[in-house]
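2 protein chains.
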Amino acid sequence: MAEKKGVEKKYSIGVDLGGTNIVSAIVNCQGKIVNSLKVPTLAERGKEATIKRIIETIHENIIQSTIALDDIIGIGIGAPGPLDVKRGIINFAPNLPGWIDVPLKKKLENEFNMKVVLENDANAAAWGERCFGAGQGVNNLVCFTLGTGIGGGIIIDGKIYHGNNYGAAELGHMTVNKDGPRCNCGNYGCLEAYSSATGIKNRIKNRIKEGIKSKFLNFDNDDELLQSLRLKSIFESARKGDKLTKGVVEEAISYLGIAIANIANILNPEMVVLVGGITNEGNKLLIPLRREVKKRAFYSNCKSLKIVIGKLGGNAGVLGAAALLWIPNNCSC
Amino acid sequence: MAEKKGVEKKYSIGVDLGGTNIVSAIVNCQGKIVNSLKVPTLAERGKEATIKRIIETIHENIIQSTIALDDIIGIGIGAPGPLDVKRGIINFAPNLPGWIDVPLKKKLENEFNMKVVLENDANAAAWGERCFGAGQGVNNLVCFTLGTGIGGGIIIDGKIYHGNNYGAAELGHMTVNKDGPRCNCGNYGCLEAYSSATGIKNRIKNRIKEGIKSKFLNFDNDDELLQSLRLKSIFESARKGDKLTKGVVEEAISYLGIAIANIANILNPEMVVLVGGITNEGNKLLIPLRREVKKRAFYSNCKSLKIVIGKLGGNAGVLGAAALLWIPNNCSC
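These protein sequence lines map, in sequence, to chains A and B.
Under the numbering used here, the first residue of the first sequence carries the number 1, and numbering increases by one thereafter.
Under the numbering used here, the first residue of the second sequence carries the number 1001, and numbering increases by one thereafter.
Worth double-checking, as some hints may not be accurate.
[As the list claims (entries may be wrong)] These stretches of chain B come out as covered by chain A in the derived footprint (C-beta under 8 Å, 3 or more residues):
1) 1159-1165
2) 1173-1185
3) 1251-1260
4) 1267-1279
5) 1300-1312
Read the hints as simulated data drawn from the structure, not as lab findings.
Every residue gets a Cβ at the ideal spot worked out from N, C-alpha and C, and that includes glycine.
Construct all of the structure, not just a fragment, from the sequences and the given hints.
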């Protein structure tokens, strides 16, 4: 009984560092958030100001939780990359201006005097789903994070797979059409340019420029209005047969299906977990997606593959970050 | 000294089972072939006849080598798949008619009374290059086998990566163009349909049908002549600016570059090793290939990636098969 009490006393802190918000959450050994805090990143105020905000948010999170410092194992951070997981350094972050080679792990270790682990945000989300979400008990899974951009996390033999220099799982930058639209990464025809929220909106914008009109959505060439439009409205309009959005949505799903089929043929995982805004479409996304994968992947690789939507919603990253602190390759503290 | 002598006494047998030939080789602990034998598979004579030929070839190989049975650790077989590595069963082999769920491991164990390991032929080639060829000491590498078809092998953390049900590394069936030509696997626009020897020849055939003529090669609509043509002649003719072959060769290289860039972004390996007929082109292949990868892969993933040609030529598979018997995850016996 004493042992059980001991385990229950353990917590870790998960931090999700994004371009828009910082989320800090205290997570117990069962993967439940006992207290969390979300504050705007205010990245435009510069690197030092953002680091200060991260530190203050974690402090406030601890205070609000009333949990003793001794009961907290450490801090796990999911951050945009590229980053050096081993040394805990963010090399560069497109959405955090001025962040070049920032030793975030060391800074937080000095401040909190506890263990700190830094991880790529998409890997953290994959790890969250692996530990507490759709991928519980699954040792080989691939997670696609479908948001403004597209990221990914690969779990092999129950561990996050990093590759040779922490650059693995850049799933959004798989070339799916060699002559496709230019992507932010400099390449042409990346998955992200078709199937991310930004990609979908850019493709719609281009069609508006070509003179194609929507029956349901009226943008009046107002780019801000288009950018603020929710994916839900775009998908609904496409389903109603709208000329403007239909082709774009179908292409987004088709290319995502190709990317998943490629992952099935390359890695033969047990499960592909999809997280991010677009997954709100549920079966309206999954059914055509599975059809595309079936058309393209090897029979046995496809037959054995579960393609599912994550169960943790927006908390996958923060929960996964917290679980980085626990016994390596294990989802228990 | 006695210990060293012991090691030197150990051998294993590598078998490369192909649609055209069976190769059996006795390999010492340093990865040297001490005796090898190559016989035609004669697959058209049926499954039982081929199994008998495999057994006879191995027996003959042992006899010729004059090595005592006690000094042979076991038999490793590289075979076309899909196959079940764990149970040692070939589920199906397109080039071996009638081979459905053949328990080859068990059959050879019964015959030779020694340990037998079955592996996918492309994985065996990857393992050969990892142990004795271009990938010595490299723990994360991906091998493309570029022949009649295109296969692959993925080495992660120094081990062959099999995936959930032994279906990983089907690199030739990555979709690189969603509306591309039909592939033997049923999908459209697979890498294999563009960059394998068969793919290249089929694309040339289609261009001949479209009325495009070659300045250097004269097929007279003779398909047999085309099929017998060596890749070397096709590449040479393309380099001379031949209208018929140039576009096909450029496309073959470009799509192979895309596939490697995708692997770089997905797996971030330390090395990509290319084996098979097309690699005879050497730098004439490598230079445009590296250019394409650089254009498409993430900077740091590409910068750290070595793209090289295998060092074992046609022996990669048989050497890798022999090394399957040794200490797991290790390339020494």
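Counting residues of the region 1251-1260 of chain B with a beta carbon closer than 8 Å to any beta carbon of chain A, are there 3 or more?
Three-residue rule met by the region 1251-1260 of chain B, so holds; n is 3.
Examine the region 1267-1279 of chain B for residues whose CB is less than 8 Å from any CB of chain A, and state whether their number is three or more.
Since three or more residues must qualify, the claim that chain A covers the region 1267-1279 of chain B holds, with 4 doing so at under 8 Å.
Three-residue Cβ test at 8 Å for the coverage of the region 1159-1165 of chain B by chain A:
The restraint on the region 1159-1165 of chain B holds, since 5 of its residues have a Cβ under 8 Å from chain A and three suffice.
Closer than 8 Å Cβ to Cβ for three or more residues is the test here. Does the region 1173-1185 of chain B pass it with chain A?
holds (count 7)
Coverage assertion for the region 1300-1312 of chain B with respect to chain A, Cβ distance below 8 Å, three residues required
holds (count 4)
In this structure, none of the earlier numbered hints is contradicted; all agree with it.
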